[in-house]
Structures are given as C-alpha cells and as structure tokens.
Amino acid sequence: MSAPGAARPVAVERMLPTEEATELLGLAAEIADGELAPRAADFEARGEFPREVFRTLGRAGLLSLPYPEEYGGADQPYEVYLQVVEELARRWLSVALGVSVHTLSCFPVAEFGTDEQRKRFLPDMLGGEQLGAYCLSEPAGGSDAAALTTRAVADGDEYRVTGTKAWVSHGGCADFYNLFARTGGPGPEGISCLLVDPASPGLVPQAPERKMGLSAERTSQLAFDDVRVPADRLLGGEGVGFRIAMRALDGGRLGIAACAVGLAQSALDYACAYAAEREQFGRPIAAFQGVGFLLADAATQIAAARSLVLSAARLKDAGRPFSVEAAKAKLFATDTAMRVTTDMVQVLGGYGYVADHPVERYFREAKVLQIVEGTNQIQRVVIARALTGGGPV
Amino acid sequence: MKIVVLVKQVPDSGAERTLKSDDFTVDRGSASNVINEMDEYAIEEALRIKEAQGGEVTILTVGPDGATESIRKALSMGPDAAVHVVDGAIAGSDAVQTSAVLAAALGTLEWDLVLCGAEATDGRVQVIPHMLAERLGVPALTGARKLTIDGDSRTIERQTDEGYEVVRADGKAVVSVWDTINEPRYPSFKGIMAAKKKPVTTLSLADLGLAPDTVGLANAYSAVVSAAPRPARQAGTRVTDEGEGGVQLVEFLAVEKFV
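Chain order of the listed sequences is W and V. First residue of the first sequence? That's 1 in the UniProt record's numbering, and the numbers climb one at a time after it. First residue of the second sequence? That's 1 in the UniProt record's numbering, and the numbers climb one at a time after it.
Only chain V is shown next, with the shape it has when bound in the complex (with noise of 0.2 Å):
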C-alpha cells in the first residue's frame, strides 16, 4: 500500500508563539518550528501498516525552506521519501488554497491512502482533511482514534464527545487522526543517519501547473482583520472563611460548573 503523510511545519506550541504586526500571518522567523504533533501520529500510524502489510511511505510537506529540518525530522522515524512544496507565491495561503496545493501534488504522485493529523497547532481550522478529499474525489475519514485497512476497506473509528463512530469508506480515502490513535516513535539513531540519504522532491506551483495568482494571502478568500495578545491572566478569587467558607466554595464550584 503507497501512503502519503501530511506533515506541516509549526511553531513549536510549547514556546511563545506570535503573528506578525503587518499582515498576522504567523512570524515563523522567530519561532522555534517543529512538526505539528498530529502528524507525528499519522506517521506513526502509516509506519505501523508498511510493517504489518508492506508498501511504501511518502511525507508531503507544504512550506517554505526551513520545513526541510521538519521533513528530515519525520524521515528519521522510518518514511521513505518525502515531497516538498515550496514557492515563495504560496506564504499567507488559507486553507481552501492549501488544499489545492496538496491536491496537485498528489496528482503527482502514486498514493493507496493519504494519512494527516486531524489538527495543526498553528491555525486549527481543521479542514484541510475534508477539503482535500473533496479536491480528490475520495472519501474523508476524518478524527480516527483508530484505523483498520481490510483489504480494499478502511474503517475508521472517529473520536465524538461522547464516545466514538464507526465510519468506513472502500478505496482510496484520507483519513485524518487524534493523539489517541498509538505512541509516535522516537526516531532511532540509525534512522537518523539513513534519513540524510532519502529523497526529497522540491516542486514549485510551476511544476503543479498551479498559477502564481490563486494561492497566497493577497489571493486568500480568507483573512485576519486583527489580532491581540492574549489577556494577562485574572487574579483568582479569594475565599476567607469566617464560618461559610464551605458554602462559599461550593456555591463558587456550581457557577463554574465544576458540579
């Protein structure tokens, strides 16, 4: 089975993370990137079928030319080459031109399943998924906890609230997990040394036949108008007992829903 991983370069979520002040695109200069953590999984878990059934594991990567130190970061844990698109044009895309952007890539290449986290820690529209099997013309799998391939069939268990779905879909599919789905693997230190040697396909929208003009944030048919930091936090509220302390604390509990 050939599996195509979608692996998105973000800023890493456990540091500062900032938009720029002119056009609030997110200022991927200053901060610390990494592989968005979904993805993380969705290799994991595209690695575990190569094993079990055999095929072969591509990354495809959206982003300018740093995401190469992400790209190599993911062949490290066992993929086997990797797609890399990158134009200048494409900064600032919303996700209806991504998607678009992806889905001409994959018109590139051989693919049984397209695996992707079910979110980026960055934008978290979640939509790429479902706009992409759109483009593709294949079902959308979307928010697996789990994934069994049967032969021709996929079936998903899509994580709820509440509990989870059962949704399956025969044929090519793309199907998008949660953080529940395994463990990622660590690279190893053999992977490490082998993943220098993979290859890595650059292509720009010229090679797509995607015209420069559809795709980044002056085209985008969505936009941020204003951005603010987050408020510093509140003071929380202080309870003296002076004999109703308890009731205090349990009236405070009931409003904020806690019971």
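Bound conformation, chain W alone (with noise of 0.2 Å):
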C-alpha cells in the first residue's frame, strides 16, 4: 500500500495570542513541510547531522525566537515559541530537539550575562548561523547534578577546565558550549557557568554515541584537558552556576515537551492516515472500535498534553513561578509520547514494527524524552517536594 504519511495531516487548532504568532506558526509548518519532512526518515537512517537545515531554520529567525528583539531574537513569549517547536517536532524530532538545546544554551548568557557580555556574544549565538550545546551531565553524574567533578580551577585572568562532560547534545558541532564546573567546594554552592570557544586546546569531543532513536542528533563526550577559558567568559559569577543550570532547565523542559507533543502528533497523524486506509475484514480498520478508541484515546491525551504544557508556558510568560508547572508538563507530556507511539505501533500491527513505516522509529525516539532535561522520576521529585514543603522525597 501506499505511504499514508504523504497525505497532509489535519491542522492543529491552535489559539495564538497575536496576528504575528499566526504568521509564524505559518512559517514554521511551510518549512517544515518543505525542508523537514522529506529528509528526516533519510537522515535519520544514515545517522547524519542536518546542519544545513538549522542553517535555514536560523536565516528564518526560528532559532533565537524567545529573545529580546534588541539582541537579534524575535521576542516571542513562551507560548509562542513551544508551539513552533511542536510543529517542528511533528516532521523531525531531532531537529525540533535542536532548536530546543540551542535555545537553552543562550539562556544563561541571556538571562546571567553582563550587559557587555550579552553585547559580546549574544548577537552571534541568536544570529542564526551558531549553534550552542550545554554541558551539565558527566559520565558519573547525571540526575545528581550538583555533585559534579569537572575542576575550573582560576589561574590569573583564566580558568583550567579538566574533567569530562556527557550526553552533551551538539557535542563536536556546536558553536559554543555552557560548560558547568566546580570552581569552589562540595554541593551546588562550589558550581560555575562558563561560556566555552569549542576551538579552545584540549578540548575533545569524543565518538558520538550510538543511540536507540534520534540518530541524526549528535550526543558525545567532551574531554576537557586543562583546557583555558578566560575569566571573563564566566557568566553570573562563581558560585552562581547552579542556580543557572535548574534555572535553564525550567524552560529546556518546557522545550522538551512540545517536542513530545510534536512526536505523538506524528505518529496520531501517520497511525490515522493508515487506519482509513487499511482494511481487513472488508472494511477500513479504523471503522473497527478496538482500532478507532486507541486513536481516540491518543487524539485526547496530546490534546491533554498540549494544554499542561501551554498552559506551564503562560506562567513562565507572565513571569509567575512555573518550574513545578514545567516538571508536570514534561512529565505528563513525554509519558504520554511513549504510551502514544506504542500504540500506534499497535495501529500498524506487523508494518508499525518494521522501517518502511516511521512509526517504529517515532517509538524509539519517544523514549529518550522520558530520560532528557531531568528524567521523568526527577520531574515526580520536583512535584512531590513542592506537595510537601520542600523536604527530601
């Protein structure tokens, strides 16, 4: 049979705050339509990174969307910005997954910098020809980030970075890299953000890792081997990188969970479009209940997700707390990801489980968003801590 997926997938109906917001999720589906959707399945089964497509999502100013106009972003609220990823996310997770790394690594020069070092760098990181990675895990530390080892150890107007950092999206192709290292004692309050030059020496991206699912994304290893980082490249002063990090993170979870939505709306799109179509017993499968209430039931769980995360984002934008808000969302929204493209692997039956169809690799790609941006069981500490009152879970 034909490939369902050819067919154009209903619109999302979406409420946009502005006549501007409109336009731009325009934009955003045009090129995802255009550049997105025809290369991802090839891509992804060659394992190669598309840096041409962020070239052209950066030369149509989808990669600096969240910031002030002043610095070369667009200004966009929260809100806004999420939607467009959701829609990227909906042709390719692994690009809608840059966007959302990318955006995160501006944070803490956006958010931190000094007013000369957001006109310094800046620019350039939202210029749309740069790329940014954030480097907080380690090989050994992972969940527990404040017990991180990486040493920048000051040296006149220097810091010496050693140590190794994981999982680094990015990692050997971005433009720049927030680096998060120890420059005092134990805990959080010893944590730094530094603003890294990826051609600093001895700096060395290791072999990127072979992955389950989004093979076109780049994660390695980064080896720091006293590697030099000029002190004036620290952002918010010592001891400040850790409140920067949690800080980053509340909106890289938000980012993370449009992803998500994004993908369980491909695989509803692609799973329904080949259920009108397929028949057995003499009739399309979808006309059957058992096949017809896994749609249903799909349709209204993204639908579910989507308003957790929008309506997390509408805080954020109002400038209300909303990390609490953000863990549920990327909880609830990457949980219902994984359960969606299980089903609708169901959906397809024996062809869901093999690659002529892509809902086996939406499947694989589903789970990893249940791991990044702080895995779902730390989203569920985050949550209970908050319900009783701070204290340890």
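If you are wondering where the hints come from, they were derived from the structure by calculation, not from laboratory data. Heads up, the beta-carbon is just placed ideally off N, CA and C, and yes, glycines get one too.
Derived SDA-like pairs (lysine to any residue); straight-line CA-CA distance at most 20 Å: (1) V/K197 - W/T22; (2) V/K190 - W/E129; (3) V/K146 - V/V166.
Among chain V residues calculated to face chain W with C-beta under 8 Å, some are: (4) R185; (5) Y186; (6) P187; (7) S188; (8) F189; (9) K190; (10) I192; (11) M193.
Combine the two chains into a complex, taking the hints into account.
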C-alpha cells in the first residue's frame, strides 16, 4: 500500500495570542513541510547531522524566538516559541530537539550575562548561523547534577578546566558550549557556568554515542584536558552556576515537552491515515472500535499534554513561578509520547514494527524524552517536594 | 541597480484547477492562489543581485484584489516595494494586452532590469517576457539558468534541451528565468513582519493612461473556444509471462520509445 504519511495531516487548532504568532506558525509549518519532512527518514537512517537544515531555520529567524529583539531575537513569548518547536517535532524530532537545546544554551548569557557579555556574545548566538550546546551531566553524574566533578581552577585571568562532560547534544559540532564546572567546594554552591569556545586547545569531543533513536542528532562526551577559558567568559559570577543550570532547565523542560507533543501528534497523524486506508474483514480498520478507540485515546492525551505545556508556558510568560508546572508538563507530555507511539505501532500491526513506516522510529525516539532534561523520576521529585514542603522525597 | 520583478498570482498547480464554464477563464475564486512558482526564482535572483551590488527591488503585479496576498508573500522574501495594477476591466486579458499593461506600469517606474519567471503555471504561454521587451524597446534575454551582471552588460546562459546558449545584452533588458537558476529562500519571520509595512502602490488603468476597451476578455486577440477536462487515466497494459514476458516488455518499451 502507498505510504499514508504522504497525506497532509489535519491542522491542529491553536489559540494564538497575536496575528504575528499565526504568521510565525505558518512559516514554521511551511519550512517543516518543505525542508524537514522530506529529509527526516533518510538522515535518521544514515545517522547524519543536518547542519544545513539548522542554517535554514536560523536564516528564517527560528533559532532565536524567545530572546529580545535588541540582540537579534524575535521577542516571542514561550507560549508561541513552544508551538513552533511542536510543529518542527511533528516533522522531525532530532531537529526540534536541536532547536530546544540551542535555545536552552542561549539562556545563561541572555539571563545571567552582564550587559557587556550580552552585547559581545548574544548577537552571534542568536544570529542563526551558530548552534549551542549545554554541558551539565557527567559520565558518573546525571540526576545528581550538583555532585559534578569537572574542575575549573582560577589562574590569573583564566580558568583551567579539567574533566569530562557527558550526553552533550551537538557535542563536537556546536559553536559554543555552556560548561558547568566546580570552581569552589562541594555541593551546588561550588558550581560556576563558563561560556567555552569549541576551538579551545585541550577540548576534545569524543565519538558520537550510538543511540536507540535520534541518530541524526549528535550526542557526544567532551573531554576537557587543562582547557583555558578566559575569566571574562564566567557567567553570573562564581557559585551561581547551579542556579543558572536549574533555571535554564525549567525552560528546557518545556522545550522537551513540546517536542513530545509534536512527536506524539506525528505518530497519531500517520496511524490515522493508515487506519483509514488499511482494510481487514472488508472495511477500514479505523471502523473497528478496537482501533478507533486507540486513536481517540491518543488524540485526547495529546490534547491534554499540549494544554499542560501551554499552561506552564503562559505562567512563565507572565513572570510567575512555573518550575513545578514545567515538571508536570514534561512528565505528562513525554509519558504521553511513549504511550501514544507504542499504541500507534499497534495500530499498524506488523507494518508498525518495520522501518518501511516511521512509527517504529517514533517509538524509539519517544523513549529518550522520558530521560533527557531531567528524568521523569526527577520531575516527580520536583513535584512531590513542592507538595510536601520542599523536604527530601 | 533598480530591478523590477514581475510576479503573477496563479492557482496552486499542486491542487485541482478548473476553467469557468461560461467564458473559459481561470476559475480563481475556487482555487488556492499562490505566487507563480517560477517567479520566486526571479525574486531570489533579484535579491542576490541587490545583496551583491546594492540597489532596489520592486515587485510588479497585474491582478485582482486578491493578489495582495501574493504581493505580501513576495515582499516577505525581501523586496523593497510593490506596484499592484488592479482594474476590473483587465480580467480575461491575453498576453498581448497584459504586456501592454505591464509596459505602461513600468513607464511609471525607474528601472534598469526587469526579471520574471520564464512561464506561469496557469497559461504557460511563455511569451510575456518577449512581448514586454518589444514594447519597451529593450533586449529580451529569456529562459536563463544563469545570469551574470558585469557593469552594464547582462549575460545569461539560456537553457535549451541540449545544453545552453550564451546570450548577452547591454543596458536595460528583460530577463526571464527557469527554476534551475537558484534556490529561492524562505521568508524570514522578520521579513514577514517587515512586509506589512512596505509600500504597495495601487494603479488603475486610468492611472496608466490606458483605455478600458483595449484590455479584457471582450477585446482579447486570442480566445479559448472550448475546453474539456483531462480524460481519466487509462488502465495500464498487463503482461502475463508465459515464457515470452521478457520479449513483450522490451517490445512495449521500444514502442513507447523508452529504449
């Protein structure tokens, strides 16, 4: 049978705050259809990082959406930025995730940099030609980020950095790295954030990880062997690094949640088209309740996930606390993506299990969303602590 | 360099297109209307020339009110301004008449170069660039797959079935382009927002000094006298292999001139 994915999926009903947001979503969909969708399967199969696609997004202004116009951003609220990420994820998760990681990586300078640092770094970071990376996790420490061991020792007007960072998205192909390293004693108070030039001698990206999915998204360890970083690249002062990391991750979690909504929507789009066309016992399988209800449940869960993500985003846009709501959105949206992609493989039956159709890839891709930007167990810790007064859970 | 790019709004060639049953003109009301695809390449080429040498890019469109949407889309790619010739009397004009309207509109503008697509996906007559150049009294460099501007000279590689011909002209010229010439950019978000503020001048036939009875369907030099929908696709030939299948396949390919 012909690939049902060729049919243009049903448009998602969106309540957008401005006419310019509507135009922006239209542009994102146009580029996603024209540049992302036709390449996704091929690049994922070959494991090639689509650097040119990011340049296209950058030139269109989609790599700097939630940042101030003054520095080259588009001053868009998170509510709008996240729906752009969702539309991109609906065509190609690796690219949407890359946009989220880049946006996260611009945050420390944008939010904690001095005026001088912002003027010096942000225009290039937001200009569309650069991609950023975020180096927090280490081989021995992910969830317990405050225990990180990479050291940055002050030496005159430089820091000398030694250690290894792990799970770095865009590791080896980024144009700037946000590095979290220990400048002081143990615990979160000893951590600082440095903006590192990838060309620094002693900074050696390791071979890309061989992942279950997201093959087109490069993830590598970075080895720092006495890397010298000028002290004027310290962001927010010594000891502020952990606070920067956690603040950045609040926004990053919403980015991942939006990716999850887009991925789940993509799986549902494909399965709906398939179920309407595939016949068994003389009628389309969508006409059987056993299949139709799977689709209905998926659509409902996706709508709920989208609402939760946007509700948290609107809190952020209003300047209200949103960490806990972001944790709930990330938890729910990514668990939804896992469940929906599992069920959509089921809708396609045997065809869902083979690489001729993209749903097996969506299924593999969904898994990582439950892990990155804080595992879903960590999200539950955040939520439970808020419920029980901040003590250990 | 001042460049004018001709942009035509056409029914989306990827969607169902029909002619009106009474006068056989294109049914624009029921169609999803877009910028003629080949014109996007002309816009891109104009923007590249401007980026390399400076200057100004103006969009020129002849079309109904609804063409405004395509004009804004064209402006969002980067041109500076647009001129929209809109007049109810123009509806149904043929290429001879349309070229007269375009020439009159260009008479109101300062320009060094006119760029346009080599054909529009609705009429596909491919004669507007030639007719327009004749009316303007300038050379027509048509069907370009490459355009080089060097001082006052404009050189194109004119795409042919076998290869290309090099054609050169000096000074003002009309250049039409194929989709092999470049890869048009997407609009940027900032470009979309900026396009809303760019000047769009609207001109009527009276503004151009043209009499209404020189244009329009009733006064056209050519007319569509009948039209029929494309016949449904025929079923293919089924070859059953009874020992001679290979020979039959080769014969089929030979008859159809595939080999």
